[in-house]
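A.B. asks: Based on the hints, put chain D in the right spot on chain B.
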Amino acid sequence: MKIVYIAGQGGHLAQFERFKKLAVHGKNDILLTDIKRKDFVGLDVIECGELRPKTGFNLAGAIKYAFNLLFIIYPKIIRQGDVVISFGPGIAILPAFLFKITNKKVIHIETWSRFETKSLTGRFMYKLADKFYIQNEGLLNIYPKSIYSGRL
Amino acid sequence: MITVFVTVGTFKFDLLIKSLDYLKIDGVNFFFQIGSGDYIPINNPYVRYTNEYNKLVNNYDFFITHAGAGNIYHLLELNKRILIFPNLNRVDNHQLDIANYVEKNNLGIIEKNIHNLQDSLMRLLNFQAKKYVKKDFFKTKEIFQYIYS
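Keeping their order, the protein sequence lines are chains B and D.
Each residue of the first sequence is one higher than the one before, counting from 1 in our numbering.
Each residue of the second sequence is one higher than the one before, counting from 1 in our numbering.
Hints listed in this document are in silico derivations from the structure and should not be mistaken for laboratory results.
For each residue, glycine too, the CB sits at the ideal point set by N, CA and C.
Treat each hint with caution, since some may be false.
Claimed, not checked - Example chain B residues on the side facing chain D (calculated, C-beta under 10 Å, incomplete): (1) HIS12; (2) VAL24; (3) GLN80; (4) VAL83; (5) LEU98; (6) THR102; (7) LYS105; (8) ILE107; (9) TRP112; (10) TYR133; (11) GLN135; (12) ASN136; (13) LEU140; (14) ASN141; (15) PRO144.
Isolated chain B (complex conformation) (with noise of 0.2 Å):
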């Protein structure tokens, strides 16, 4: 079993890391990230680029990120890895389509620092995701077949 963890820099990665002190994982596991600020032991990392960077959206990421889909993700991910477990940002929309479109499982577990709003991702990874867990009770109003699991 190969589990494909998905998390941007930042918040998402902090999510990342306390979920991982709490699970048990493969030797095989892999990381997708946008930008690679540092290894994780037994875990092999890969940089996708940012899809959409916290300024805003530039075209050059985008091509870098089709380029990155291309070459790393659908080789090294789609073709490889059995489940995806998703902490966003948008860089996991992609991939968790082609995993449920070719029958694996996605997960999601919604961003912490949401409330009462939809976040992009998580508009997307509603419809995509086998289970989508919500870290804030206030979330189940506005995603109501989500599964509240307590924050990290």
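C.D. replies: Structure of chain D alone, referenced to chain B:
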């Protein structure tokens, strides 16, 4: 002398750093973590990033922070007194969501107007926060049972 730790995470928030660097309050100075900011403080010490962040925060009681959730939760778990100044230049409004949560629950002080920073800082120095309580993540087992089912 009280030193207030100012942290903006991995991104840049020059408006906040520069405004505080020029703020003169008797008995108060600042230590900045400036991320990828372009403005370099000239009146107070700073670091860009530090691997010793978790150790460093133990030396301070008062914090001014952007509204990055990871940083906020970390500081709340340590019972620190925090003033949140959301970075509204970010691509979405998630910093407001968590800032509203903190304000509503009396866990910290929120300020969105840079011109009010001095008043908010004075409030912070006397602020009595409610203790942060959270329900810990409890779905790990369920997730792995689902994965291996």
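A.B. asks: Okay, which hints does this one fail, numbers in order?
C.D. replies: 3, 5, 6, 13, 14 and 15
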